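Mind docking these for me? Both chains are given alone in their own frames, and the hints should help you get the complex.
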Amino acid sequence: MKPRTVENTKFELKFEIGGEGHSFPNLLRRTLLEESSVEFAGYNIPHPLLASPIVTLRTKRRQSNVVLREALEKMLARTEEFRKKFKQAVSDHSVD
Amino acid sequence: MEITIIRKQENIIHFLAEGLDVAFANALRRTMLTRLPAMAIDEVLVLENTSVMYDEMLAHRMGLIPLVTDLESYNLPEECDCEGKGCSLCQCTLTLEKQAGDEEEMVYSRDLSSQDPKIVPALGEIPLVKLAPKQRLIFEAYARLGKGVENAKFQPVSTVSYKYVPIIEVNKDKCNQCGDCVKVCPKNILLVEGDTIATQNTLDCSLCEACVEVCEPGAITIDSKKNSFLFKVESTGALTPEVIVEKSAEIFKERIRLALDYANSI
Ligand code: SF4
Ligand code: SF4
Ligand SMILES: [Zn+2]
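Those protein sequence lines, which keep their order, are chains A and B. If you're matching positions, the first sequence starts at 1 in the working numbering and goes up one per residue. If you're matching positions, the second sequence starts at 1 in the working numbering and goes up one per residue.
Read the hints as simulated data drawn from the structure, not as lab findings. You may find that some hints are simply not true.
Said to hold, decoys possible - Below, a list of computed lysine-lysine pairs in the DSBU-like style, where the Cα atoms sit at most 30 Å apart: (1) B:226 / B:187; (2) B:232 / A:85; (3) A:87 / B:153; (4) B:147 / A:85; (5) B:147 / A:2; (6) A:87 / B:147; (7) B:147 / B:247; (8) B:8 / A:85; (9) B:247 / B:226; (10) A:2 / B:153; (11) A:74 / B:147; (12) B:163 / A:84; (13) B:225 / A:84; (14) B:232 / A:84; (15) B:253 / B:8; (16) B:153 / B:8; (17) A:85 / B:163; (18) A:84 / B:253; (19) A:2 / B:85; (20) B:118 / B:232; (21) A:84 / B:247; (22) B:247 / B:225; (23) B:187 / B:172; (24) A:2 / B:253; (25) A:87 / B:118; (26) B:163 / A:74.
What the hints assert, rightly or not - Stretch by stretch, here's where chain B covers chain A in the computed footprint (C-beta under 8 Å, at least three residues): (27) 1 to 11; (28) 66 to 73.
Keep in mind that this is a model prediction, so the values were computed, not measured. Glycine included, every Cβ here is placed at the ideal spot set by N, Cα and C.
Pulled out of the complex, with its shape left as it was, chain B reads as follows (with noise of 0.2 Å):
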């Protein structure tokens, strides 16, 4: 097994792995999105509001905020000493105040003040609800630890996907140099060189084979390495793309442990 990282950036880390099988390869992807836990409100209370929106569309509104998470401060609910009834160890509480003045205003979700420093809206551009003038919000929301598999919202990324390595292959005796291939790719893999076609970030031809359509004379062929993937992990902002990766595969090695025991018990 290999991994290289290829590009890291704030949200996003892109890595190649080699040498792993697509069923593992599957179980990690499945391990990041439904299984590494992160922080969402939950419960809503809302004390007044008069804005436009119901409230159970503004709660539903507040539950997809991405929270940064802090893994190490906070239970589960239902791993917590609490029993799941709530208490400071896993739950966060998070209030909004806010009254438009004569003028009409917009609630972001960097409007909410959290009783933990640590546990803030990831972003804080995101639109929750415009009031007309004189209109009012007064809540208290509840955010807690949960998983994936539970609902969406808890998801700590919003893209994890992987792909095979691209293999581009141009025969030079086949090819006449028209370039329509070079035309056709929306990834500008293909470039004209001297009396052939060359290939450049190679790793970002996405297989989908245009070039390969519109080739005339059958010079270009497409292929992918096996046993090797190309992940891109793209965080809500709840966790870094590093911390997901590397969780998600102590997560998934709880599991296996998990069934040991249950193997070693029969």
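Just chain A, same shape as in the assembly (with noise of 0.2 Å):
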């Protein structure tokens, strides 16, 4: 996980992950594209061999670095949502 700014306009964000594949890209495009401010949300790999996909987007309205930061929270808390009751589930499971 090494992200680089490829392009930052108040807009218009492009940054490169080094290192990942596509789960994360993937999860985090799906996770964007909740909101309704995004425009445009996409990744592409430019080469299999390479692992750094580039995350595209594009907002209306508010500010892209923004609107990142909330997608990356969202998928923060639900994964330790996961975790919490995954957790409990396990000490619930073991009690019957």
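This is the structure:
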């Protein structure tokens, strides 16, 4: 996970995530698209051997880096929710 | 999000996760496969090998033995203070010395003796090589933590999969109780009950739709629930399946946090 900015303007952000495959940028894209101010979110992997997807985000009204931050926070909260609920489910299961 | 454990065995866990996106389910699956570290033999010093197997072949087989992993006491070599040179904090030595007597003898993974009693082969009965009378094997092997992205031998899981939650519906009015679907179902989900077809253990349904194909009147429909996944995590024995799932979620969180640091910096 080594992010690097390719292009950054108010409503458009393009960045590369070094060392990642499809799963991370795909989830990020899906999460970004939940937000109504996102006009476009997608990623592309220039070469399968390079493992550096480039995420492109275009927004309207709201600043792109703020939207990105919110999406990542959402992902973080969901993963934490998953971890907690899984842990709880495991201890509940051991009881019965 | 709701999570329910369906079944838990020593090395396998089945759980139902409801209310999550397929992209999230897949990101978790990939994290368990490729990002969660596990111990494996990575270097072998062959002192003597008079067996019929080449040194490199033997070393390859050693690498594939799943080792019980202790994530707390070992560092990843790239994160270790020794800068990856190899020290007791990131490496564990296992040795093997065996000579066949007058009979041929099989060398098993349990014959490896480890410097650390916690880092041992998860399964003792993996055959490594068969020695003919008087043949001898002496070597030293160095195990370290690694990740599945580097080499599949470091994967702590042999299977991580998820499938959709099946919804099986039989239209009572169309069904003529021919029983064809009951016979054809490979998972024994369907059974004749009175004047209709009942279902049992529906979570085991593999969504193969063989029943739909064989049903002449078209009385059966197979559908799947949205945003619900049945996970199956099978460990190699390196870590318990519960630890695998939980640690993977932590590792995934760490990656999101790194991305968040970046997002905050721009
Ligand atoms: S889809 Fe396949 S497994 Fe499921 S009920 Fe039909 S025949 Fe059985
Ligand atoms: S195959 Fe169709 S018609 Fe025959 S018993 Fe099954 S559901 Fe009923
Ligand atoms: Zn070290």
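Non-conforming hints, listed in increasing numerical order: Checked against the structure, no hint fails, so every one of them is satisfied.
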